[in-house]
Structures are given as C-alpha cells and as structure tokens.
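Novice: Take a look at the letters that make up each chain.
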Amino acid sequence: MAALDIPEVQKFMASVPPFSSLELAQRAQLLHGVSMLYVRQGQTMTLEGDSATVHLIRRGACEIRTPKGGLVDQIADGECFGVFSVMSQNADGLQVVAMEDSLFYRFEKARFLDALASNEAFGLFFEHTQHNRLRKLSRRQNNELSSPAFQLSMPVTQIMTRQLIQASPDETVQAIAMRMTDARVSSILVLEQGRLLGIVTDRDLRSRILALGGSANSLVADVMTESPRTLSPDALVMEAQTLMSESNVHHLPIVDDELKVVGMLTAADLLRHQELSPLLLMNQIHRQQSVESLAQVCKQWPTLIINLVVTDMKPADIGKVLATLSDSLIKRLIELAQQQFGPAPMAFQFLVFGSQARRDQSLGSDQDNGLMLEREPTNDESAYFTALSEFVCQGLALCGVRLCPGNIMASNLKWRMTKAGWQQMFSTWIKSSSPNALLNASIFFDIRCVYGDDAAVDELLEGMQQEIEKNSLFLATLTRSALAAKPPLGFFRSFVLESSGEHKNQLDLKHQGLALINDLARLYGLSCRTYRVGTLERIEQAIREKRMSVDTAGNLMDAWEQLNELRLETQSVSWQTSGKASAYLDPTRLSPLERKHLKTTFSIISEVQDVAQQRFLRGYS
Amino acid sequence: MLIEALKNHWHARQMTKRSWCDWDYLVLDIETTGLDAKQDKIVSFGWVCVQNGTIDLDSARHIVLEGAEIGESVGIHMITDSDVALLGKKQESVLRYLRQLLRKRILVMHHGPMELGFLKQAWQEAALPAFSVSWLDTLAIERTKANRNQQPIVEGGFRLGESRKRYGLPDYDGHDALTDALATAELLLAQAAYQGVDCRLHDLNQMGGGRTRLVSRLSL
Numbered sequence: 023m024a025a026l027d028i029p030e031v032q033k034f035m036a037s038v039p040p041f042s043s044l045e046l047a048q049r050a051q052l053l054h055g056v057s058m059l060y061v062r063q064g065q066t067m068t069l070e071g072d073s074a075t076v077h078l079i080r081r082g083a084c085e086i087r088t089p090k091g092g093l094v095d096q097i098a099d100g101e102c103f104g105v106f107s108v109m110s111q112n113a114d115g116l117q118v119v120a121m122e123d124s125l126f127y128r129f130e131k132a133r134f135l136d137a138l139a140s141n142e143a144f145g146l147f148f149e150h151t152q153h154n155r156l157r158k159l160s161r162r163q164n165n166e167l168s169s170p171a172f173q174l175s176m177p178v179t180q181i182m183t184r185q186l187i188q189a190s191p192d193e194t195v196q197a198i199a200m201r202m203t204d205a206r207v208s209s210i211l212v213l214e215q216g217r218l219l220g221i222v223t224d225r226d227l228r229s230r231i232l233a234l235g236g237s238a239n240s241l242v243a244d245v246m247t248e249s250p251r252t253l254s255p256d257a258l259v260m261e262a263q264t265l266m267s268e269s270n271v272h273h274l275p276i277v278d279d280e281l282k283v284v285g286m287l288t289a290a291d292l293l294r295h296q297e298l299s300p301l302l303l304m305n306q307i308h309r310q311q312s313v314e315s316l317a318q319v320c321k322q323w324p325t326l327i328i329n330l331v332v333t334d335m336k337p338a339d340i341g342k343v344l345a346t347l348s349d350s351l352i353k354r355l356i357e358l359a360q361q362q363f364g365p366a367p368m369a370f371q372f373l374v375f376g377s378q379a380r381r382d383q384s385l386g387s388d389q390d391n392g393l394m395l396e397r398e399p400t401n402d403e404s405a406y407f408t409a410l411s412e413f414v415c416q417g418l419a420l421c422g423v424r425l426c427p428g429n430i431m432a433s434n435l436k437w438r439m440t441k442a443g444w445q446q447m448f449s450t451w452i453k454s455s456s457p458n459a460l461l462n463a464s465i466f467f468d469i470r471c472v473y474g475d476d477a478a479v480d481e482l483l484e485g486m487q488q489e490i491e492k493n494s495l496f497l498a499t500l501t502r503s504a505l506a507a508k509p510p511l512g513f514f515r516s517f518v519l520e521s522s523g524e525h526k527n528q529l530d531l532k533h534q535g536l537a538l539i540n541d542l543a544r545l546y547g548l549s550c551r552t553y554r555v556g557t558l559e560r561i562e563q564a565i566r567e568k569r570m571s572v573d574t575a576g577n578l579m580d581a582w583e584q585l586n587e588l589r590l591e592t593q594s595v596s597w598q599t600s601g602k603a604s605a606y607l608d609p610t611r612l613s614p615l616e617r618k619h620l621k622t623t624f625s626i627i628s629e630v631q632d633v634a635q636q637r638f639l640r641g642y643s
Numbered sequence: 096m097l098i099e100a101l102k103n104h105w106h107a108r109q110m111t112k113r114s115w116c117d118w119d120y121l122v123l124d125i126e127t128t129g130l131d132a133k134q135d136k137i138v139s140f141g142w143v144c145v146q147n148g149t150i151d152l153d154s155a156r157h158i159v160l161e162g163a164e165i166g167e168s169v170g171i172h173m174i175t176d177s178d179v180a181l182l183g184k185k186q187e188s189v190l191r192y193l194r195q196l197l198r199k200r201i202l203v204m205h206h207g208p209m210e211l212g213f214l215k216q217a218w219q220e221a222a223l224p225a226f227s228v229s230w231l232d233t234l235a236i237e238r239t240k241a242n243r244n245q246q247p248i249v250e251g252g253f254r255l256g257e258s259r260k261r262y263g264l265p266d267y268d269g270h271d272a273l274t275d276a277l278a279t280a281e282l283l284l285a286q287a288a289y290q291g292v293d294c295r296l297h298d299l300n301q302m303g304g305g306r307t308r309l310v311s312r313l314s315l
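Residue numbers (this note's numbering), protein chains in the order written: chain A, 23 to 643; chain B, 96 to 315.
Bear in mind the hints are in silico, worked out from the structure with no lab data behind them. Certain hints may be false.
Claimed, not checked - The following residues of chain A were derived to be distant from chain B, with all beta-carbon distances above 12 Å:
no., residue
1, V31
2, L59
3, T264
4, L281
5, S312
6, D632
Unchecked claim - In the DSS-like style, the derived pairs of lysine-lysine whose C-alpha atoms are separated by at most 30 Å in a straight line are:
no., chain 1, residue 1, chain 2, residue 2
7, A, K336, B, K260
8, B, K215, A, K33
9, A, K282, B, K184
From the three backbone atoms N, C-alpha and C, an ideal C-beta is built for every residue, glycine too.
Same shape as in the complex, but just chain A (with noise of 0.2 Å):
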C-alpha cells in the first residue's frame, strides 16, 4: 500500500499542478516516504537536516525570507518550498516562516530529484519557480530597504490574538470581570451561539458600572457595546488602524464571512508591531493643517510604493494600501476645506471613480472625482461647492494626484449633481446603444463614497442595476465597446509592438493589458444583480452569480495579478531611472520563461473576450 491509495491525497496531487501532469506511475513513485507535518503559524523552519528537501503546502501559507528577514516569496496552498535546498543546496541560507497555521507534505529529497530528471514539464516547472525566487531574491538584495511599508500591509490575522475570552448575555458583570483579570486582558467578547452580540470593555466597566455605582450583579448584556466595529481577516494593519483611529475604539473583534470570531485586535497590538513603521503616511495625514504641509507629507507617496512593490506585496493589497491612503487625504482635504469656507450648508458626498474606486491605483494615477448633492443648490450655495471642490481637486494636484485631463473632478460644475441629476445621467448612458458613448462613460460605472452618508451612493447603484437589468441591450453595448481592444498578440503569438514614437518596440501594459481585463470585469460585474467595483471583486461576484466558470475566472483573476504586478515594477523602474511612471515594457527584457507567460496571459485576456462576446453578443451581433 501506497500514500496514493488515500482517497484524499490522491486527489490532492491530481489537482495541484505540476504534479497533476505526472504520470500515475511517476506520481506513486514520488509520493513513496512521504510524511506530512503540522507548523503553526509564527514558525520558522530552516531548511537543513531532515527538512532540506521539498515540500508542499496541503493547507496553509508561509513565507520565504532571506536569513536577515527579506522577503523572497508568499506561497500558499499548492505551492513548494524547498526546492533551492534540493536543487542548489540553499546557499542562501533561505528560511520558511509559516503565516497561517499549515499542513505540509514532505517528499524525499532523492524521490524528487528522480521525478524532476524523469518528467521534463515537471522540471520545467520548478526551474521556473527557482528562477522566479531568484529574481526576487536578487531584487530584494539590491534594494536594502527596511520593512516598514510591509508591518501596513500584513493581513490583520498576523498580528491579532486568537485566544478569545468570551461571555454570554446572561453573566454577571462580576463574573466577566474576574475571567478578565485572570485572562490579563482589557475586553471580553459577549457571544450568543456563537454569534457576536457586543463587547465590554474594561472601560465600560468604568464607566457604566463604577462610575454609577452600579450592582456587581448587573448584568452583562446591559453593559456591553451592542454590535461593536468588526474587520474582516483579510483586512490590513492599515484599515484596522483607519478604522480604530476614525471611530476612536481600541478594541477590534476580527470576524469572518460566516460572522464567526475568529480573533480580537486591540490598539496594544497595533502599537506592538508598528516600531519599525516610521512612515505611516496615513496618520501624518491627518494631523497636517495646510496643503502645503500635506503635499510635503505626500513626497513620500512615491517612495512608498516602489517600497511596497519591492517588498513583493501583492497587487491587489498594494491597490488597497493606495486606496486608504487616497482616501484619507480627501478627507482630510474636506475637513480643511471647510476650515476655510465654513461647513457645508448641505450634505453631500465626494464621489470617487476609475481607479480610485476599483482600488487598483498606482504610481502616477490621475484623479476623477465628482460630488453628490442633496438638493439642488441656490447660487451662493453652488458657489460654495465650486470653492471646495476646487480646493480639494487643487489640494491633490498638489499632493501628487494629477487633475483629470478629461476634466472629470468636482471641480467642474458639470460632475456636481444631486442623486436625481446623477441617476438621470446614468440613465441616459444605459439607454443609449452608441459603444462610443460608453467608452467615455465606462469609468463612471466604477463609483465609490470616499466622504458623507454613502447609503445615498447605494441607493443610486441599486437604481442603475435595475436599469441595467430592464436595458438587456446595454451590456450588449458595453460589451462592444469592451472589446473594441485587444490584447497585443499577434497571429502567430508574437507581441505586436508599439511600431513609432517615443514607445517604439514596447508594450503598454495599462491600456493593452490591465484596462481589457477591468472592462471584462467591469462588464461581468454590472451583468450580476449585487454591484461590485473592484475587478477581482467583480469576477468573483461574476462566479457567485453564475456568470462566469470558475475557471476562467481564475484564469483572469491570475493574468490581472500577473500583469499589475508586471506593471508596478515596471513603473517602479522607470520612476526611479526616469522619474515617470511608465507603463511600458521593452518584452525583450524579460526571460523566455516570463515572456512565454507573458504571451499566454494576454492570450487569457482574448479567450475571455470571445467568452464575453458569444455571452452578451449573441443575437444583437
């Protein structure tokens, strides 16, 4: 009897390339000594003795670091490690730091090397992830860089406790306060079959008990906060702490979709892992009083993202990182603006679209913004707006964020409307069937509340999906105008090239690349009856909904990860050779390797448009 005769670690294999393209035959031969390991999570393994062979991650993450704390890689269920200490006998001393805690499979060192001479693809493959290692290795050598940047962008779950203390309803405060002080903590969670109903916390008690004098006996569900703030556990250090210090709580219960506790977030925990972080932009943000002191602050914007690329963050968290901070700074700009010109004499939103709204900026993002008004404003009224607005749109040009060059700001008296106005305008451009009057429209259907009571902002999206849905023949619209595009891939595969100017023999990953897939998405997204904005969101919400094979839609969420994060470096590398932002690549600097997977996320991109095409095109073509 072998290991593949387990049911569940055959199937395992079978699923997991490149050890699904082995032979049955081959996969039984290496799976022969192979032993499975339990790592919680905060572990380092060095990859000697024993553990100096491959492994694979049953169920888990981990990260790869250098042995003075660099990041090298992030990999998660599926993926190896080890296979330097296999191949090269890991001169460089790599470690594994297990992020979650993860089940492995151990291979035999001399099993493998018998699998890797025997199947070519399979060698092909770790040739390939050790390439990509050593790339990223040599990235993070040449750039000495301390981590400060990476403490925002971890995941809430690394730093959170996962023991909770817990109390029902029905307790007395007396009770929850001695589990408290034996616990040594500062807040326990009040929970009802297993859901979470409030919090108490030692100030609480403080205040609600002490304070009044109240009964020893009182009980808990008197006491407690009722539906506290929570955070979901993918959130960042960085939302937690936007979120902590806007709603002035210390205490952050982490709960997960099925609105289970899966751990608690205190402001301690916070300030634990935040000694490295001289630079959180985000809280000197908020205590500046002028623009100038806030464009000064923002000169650091830059820096901060090539700081996040390089420290191999992934794409989509480095779009939320930006997004926050973007975020933040209009805010911030609002509440100076109104420093100067009084408050508002009505409620409005600032509303933010394109990028901004998807959460996918990058280095050199431009701005598109409009506001929302609750009721139609009187001349002075209006004047008020354009003053803040202007201050506002003018305060980002300043700190960075360019004015929009089609003019799509707050500042334009055009993009400043009640609901009414702005429903009456995305009326007209669901109605009308020209894809050119889309295509200039297409980046207001990627709309965000940045600032004001954003259940208005629902409401609007909410009509629009309606009336995307009564309009069968707009997403037929939107649709050609999507696929107007198309990838840069010629008929015998090779990359069509940029033929004159000043990108002559490049490729422009934005607008050939990453615009066709947020298009796709954003074509998906608006077909779904629940609005998404984000494009992993909006493909993901396209799976939930049956709009999309799960598949393909995994093919596309990868080929947008791949290329943003080709985009970043790529921008990041000719922002600091050239100080602008570019987007374009010379193909010819990447590896055969890279360009081949280059080729075949561009070539994802147009089966998904054929996809697209006979989905939303079919009869009205």
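For this one, chain A is given, so just place chain B on it according to the hints.
Specialist: Quick look at chain B alone, frame taken from chain A:
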C-alpha cells in the same frame, strides 16, 4: 519482581516526560456494522503511523475484513460486498498484525470508547496473547482543552470534521476508515503543535489518554 515492576513503572513515568515526538503512534479508525461492540462486527481497519512528529504516509493501511456482513451501513462506509470479496482479510490475522505494530506504538483514536470497545470484544473472541495498550483519544483531548479554556462547544463540535476546522485543517470528503485515520492523525499533530514546542506525551495523556488491557477469553 517488585523491584522490577517499580523500575518499569518509574521508567514509564520518566518516558512520559519526554517530548511527544520521541514516541511512535498508530492512529486507528475502524468501520463497523453498528455501534454495539457486543453485536456488531468490524468491517474494516484504517491506520497510519506517526513518528518524529510527522505522519508517515507509507505506513497507511486500509484493510477490509473477510466475511463481514455489511447490509445497511453501506451508505455510510461505501464499502461494498465486492470490496470484501476482493480485499477481505481474516480478522484474526489483522489483529495479530495490529498487535505487533502496537507493541512499540501508542494507539490514537478519535472517540476512543468506540474503537476500544470493539478491540476488546475482538480480542476476547480471538486466540491472541493478552497485552496492554496505551492510547490517546483526540476527542477527549479536544474536550479537555475546551473545558480548560471555558469555551462552550456546541453540540457536534467535537466531531472529527468540526475539531479539524478549529486548527485550519482541510475538509475531507471521504469517510472510509483510512481517510478518518489520516484525518485523526493530522488532528493529533495540530493538537500537539498547539500545546507548544515543548509538548510532552504526559500533557496529551492527561488531557485524553489511558491504558487498556486486551485479554482473550480463550486461554492460551
């Protein structure tokens, strides 16, 4: 004699103070035709061994017994009469094999009373030398842990799948004896890891372990 016994006892006590990794384990799951050890029969055994704190997948065994009457339980276990015909082994020879493996290993089960009940019964009916087996019960460990942390666990929360979830272990679809044995072995690794790097057998034993003597009714 007495001194010898005391020495053995002392030795055993010292041993439990060593790291849990220094011991070998055999993680067992058996599938039966029902819940009553007196009436129902064992259908199949699944096991996998743990050494140096890792699961040795080469040691995995899935053995379907010869002549087991299956009938109603097929829905749960997915073993069919043809499996028995094809792979069936004699219960006694499997028990002999198991005994040999268990002489140097600690038996691990999820919900021990069930497995132990059937093993005791099987031993009574077989012509096998008596012997004592040390065991750990991952369910008992889980329950002790919950009690210590004052974490109320909802009904069914100690079942294998639910317990595994608390450690981030993957969902396994299959429920044959071998899959459950592997699933239990992974749970054991996780429980030990959660005790910290210096987890001793003694700690696990206190949370959910014991020793049971298996005796044959047929005198040998």
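Novice: Please go over all the hints and tell whether each is borne out by the structure.
Specialist: Hint check:
1. V31: At about 7 Å from chain B, V31/A fails to clear the 12 Å cut-off, so the statement is violated.
2. L59: violated, 4 Å
3. T264: holds, 28 Å
4. L281: holds, 14 Å
5. S312: holds, 48 Å
6. D632: holds, 34 Å
7. K336/A x K260/B: holds, 27 Å
8. K215/B x K33/A: violated, 35 Å
9. K282/A x K184/B: The given pair, whose Cα atoms are some 46 Å apart, is violated under the 30 Å limit.
Comparing the model with each numbered hint stated earlier shows that hints 1, 2, 8, 9 do not hold.
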